[in-house]
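Peer 1: Letter by letter, the chains look like this.
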Amino acid sequence: MLRTLTPLLWFLFSAGGTVAALLFPVHLFVMGVAVPMGWMEPPSYASMVELARHPLTRLYLFVLISLPLIHAAHRFRYTLYDGLKVKHLTALIVTMCYGTALVGTVAAAYFLLSLP
Amino acid sequence: MSHEERVHYTLYHPKWYRRPVSVWWWLERWPYTRFVLRELTSIAVGFFALLTLWQLRALHGGEAAYQRFLTQVESPAFIALSVFFLGGILFHALTWFHLAPKAVVVRLAGRRVPDGLIVLSNYVGWIAVSAMVVWILMSE
Chain S
1 MLRTLTPLLW FLFSAGGTVA ALLFPVHLFV MGVAVPMGWM EPPSYASMVE LARHPLTRLY
61 LFVLISLPLI HAAHRFRYTL YDGLKVKHLT ALIVTMCYGT ALVGTVAAAY FLLSLP
Chain H
1001 MSHEERVHYT LYHPKWYRRP VSVWWWLERW PYTRFVLREL TSIAVGFFAL LTLWQLRALH
1061 GGEAAYQRFL TQVESPAFIA LSVFFLGGIL FHALTWFHLA PKAVVVRLAG RRVPDGLIVL
1121 SNYVGWIAVS AMVVWILMSE
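Protein chains in written order, with the numbering used here: chain S, 1 to 116; chain H, 1001 to 1140.
Hints in this document: simulated from the structure, not taken from any laboratory.
Quantities reported herein were computed from a predicted structural model and do not represent experimental measurements.
Hints may be right or wrong, so weigh each one.
[Claimed, not checked] Cβ-Cβ distance ranges computed for the label pairs, FRET-style: (1) S:Pro7 - H:Ser1139: 37 to 45 Å; (2) S:Leu56 - H:Gly1062: 18 to 26 Å; (3) S:Phe11 - H:Glu1074: 32 to 40 Å; (4) S:Leu92 - H:Leu1040: 28 to 36 Å.
All C-beta atoms, glycine included, are put in the ideal place defined by N, C-alpha and C.
Just need the whole structure built from these sequences, with the hints factored in.
Peer 2: Below you can see the structure in the form of structure tokens.
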């Protein structure tokens, strides 16, 4: 099954890598540095929920979370292979990497569909 | 013992001697190290994707949960972690932009678009979407 899925996984890997390269720097800078340091005022809860409830924002947030998760899982899987030379643990590594990405994707979909 | 039983066939050519490679092979040369560092940016990408999911969960959990999230984010340890992973994500972004023309050959009017132009358009797009994200968040 993994063999037939591999082309799809590589496609999702490159889509997720592009999303992460274009959008993650600015989002992490805002959330991890600018807001905690007080350089930027965090949007109020009400306006954040209002923004997140918009269908386009929901789609945006789903893409922003799920594709980079799959990208990271796929790349980390091959890093473990090459870096630590643990090819014999394929089943475990594949389950852990893609499993985390899948659970994260389902969780994101659930939170986005049931926003207050 | 018959002749057939003594002969073993292997699927691949057997290699009798293999030079053992250390687990630390990637520290021997800078290009190897750079390659492994680039691959390890997946940890930074995974970290931030899960952090965004965490923020979404707080947003879903109501106003008190969201305020708790904002307080957690303000701790010095979290800021240090963010700066560290921001370095990883920037390394991912820059290597990704520079690899793009090698991964996909774009042709316009029968001519190959030069690599430098693709890299440049990646940077222009990056600045444009970053400015748009900041603008949307500031206007909220």
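Peer 1: Determine for every hint whether it applies to the structure shown.
Peer 2: The hints, checked one at a time:
1. The hint said 37 to 45 Å for the Cβ distance between Pro7 of chain S and Ser1139 of chain H, and at roughly 41 Å that hint holds.
2. Range check, Leu56 of chain S to Gly1062 of chain H: about 23 Å between beta-carbon atoms, so the 18 to 26 Å window is met.
3. Look at Phe11 of chain S against Glu1074 of chain H: about 39 Å separates their beta carbons, and that is inside 32 to 40 Å.
4. Range check, Leu92 of chain S to Leu1040 of chain H: about 20 Å between beta-carbon atoms, so the 28 to 36 Å window is missed.
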